[in-house]
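S.K.: Sequence:
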Amino acid sequence: MQSSMIGSIRARRRAAAAVAVLGLLAAATPLPAQQKTGPGVPAADSLTWNGITLYGVIDIGVQYDTHMAPFTPYRPAASGNIVRSNSHQSAFGLTPSNMGQSRIGLQGNEALTDDLSAIFQVETFFNPQSGELADSLRSLTENNGKAVKDQSVGVDGSSAGQLLQTAYLGLKSRRFGTLTFGRQQALVAEGMVRYDPNQLASAFGLLGASNTYAGAGSSEDNRLDSTAKYALRLGEHLHLAGLYKFNGSTGSARTAVQGNVGGSVGALSIDGYYSQVNSSITGSSLSAAQVATLPAGYALGKSLLGTVSDNTTYALMGLYPLGRLKLFAGYENITWTNPRHPLEAGFGNIGGYVLAYVSNTAYNERKIGNVYWSGLRYAVSQPLELSAGYYRVHQAGFGTGALAGCSSAASSKCSGDLQAVSLAADYRFNVHFDAYLGATYSKASGGLASGFLYTDNINPTLGGRYKF
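This note's numbering puts the first residue of the sequence shown at -19, with every later residue one more than the last.
The hints are simulated quantities; they were obtained by calculation from the structure and are not laboratory data. Backbone N, C-alpha and C fix where the C-beta goes; we use that ideal spot for every residue, glycine too. Treat the hints with care, as some may be off.
Unchecked claim - Simulated DEER-style distance windows between Cβ atoms:
{"#": "1", "residue 1": "111", "residue 2": "154", "range": "22 to 30 Å"}
{"#": "2", "residue 1": "362", "residue 2": "206", "range": "40 to 48 Å"}
{"#": "3", "residue 1": "210", "residue 2": "91", "range": "16 to 24 Å"}
{"#": "4", "residue 1": "30", "residue 2": "417", "range": "33 to 41 Å"}
{"#": "5", "residue 1": "252", "residue 2": "151", "range": "20 to 28 Å"}
{"#": "6", "residue 1": "313", "residue 2": "70", "range": "32 to 40 Å"}
{"#": "7", "residue 1": "313", "residue 2": "24", "range": "40 to 48 Å"}
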């Protein structure tokens, strides 16, 4: 059964690769790309032919971490950027996608009527320092069965070696809004790109370094398969959006619903978000004991432990410009509970990975996390912009018995905090190339530092980014 599943996955990848190659031959370039960090290349400088645009970003730099595991060639950021449970040494080397994900993509806009257009977007994420496709889940499987001292950076995420990280088709109307179908960025993640002072940069700030919070409880959920997304602007000051994730079956397991309402009052922009993700998966590496008892037929390089939960999220985010200065603030509340629809061992996850072991009872007592952030961006001059941010995650204790009410690092169920402060400077030589310098200091305490060898890290980073 597993061999047929792997064969099917390989066949789909080969078909997708053929489609991508044909697209590159038929087209030559894209619209201003919806880049993760800041505006895309202006239409006049883009590679666009007959409404089809080819675009890309290559972002690479050098980074030093005081407390980190060795960098991985697979995770999109290579580094963990903030202190992690397996941070056991200092690390120095090349890191990709520090300001935004390195990618190449195609997007198109074909007018059907005066008001209606057909649109699409496909894009591939890659790591320029290693030449690998971005694959967070492989960064986890590389640590399967290893002691902490032998581990490299391993962090869960929505990039799992897929040929296409984004792939959608839809219709766009000025009057009736935009409706798209496919694999798309979730609404909460879209909001954080706009309202994080560091625009979800992985090297600068907690939100981009983690992606758990952009994913409304799981970093695998900041992009979702099989979604329908609708967005509508009502006049100049109000907009709304909705997203639904299908599961291809009956029932609500592996479905998601998200909503967004936002608007502006004078210069102030504010957005509210709701998210419900059912049977959400958080992946982690297998222990040595789990590797020793791995069932026959499971490939070690494709097997993970999956913690399954139902995640409910509310968030409020705002932005206020004052001339050259922009002020940002946001709040997010996430509740994790045991899933109403548990998953079984052997469940196929994104990228062809398999949950060899599953935990459906991690939250017998619900877990509540509160995320706060504030910051600013300041345009010193036309090419130079500075950013600064403060972030705090507070986890309420959810232990029972002897752990009830605990606030120490004795258990991951005790209350705890993760805090980060970031500073960065970005110098844009022109619309295609910019250079950046900055750092994030992070510190964990209480339950959010349980099992950690070190509880803080700072990651000075210098790099450059080319966009076309």
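S.K.: Sort out which numbered hints this structure fails and list those numbers smallest first.
M.R.: 1
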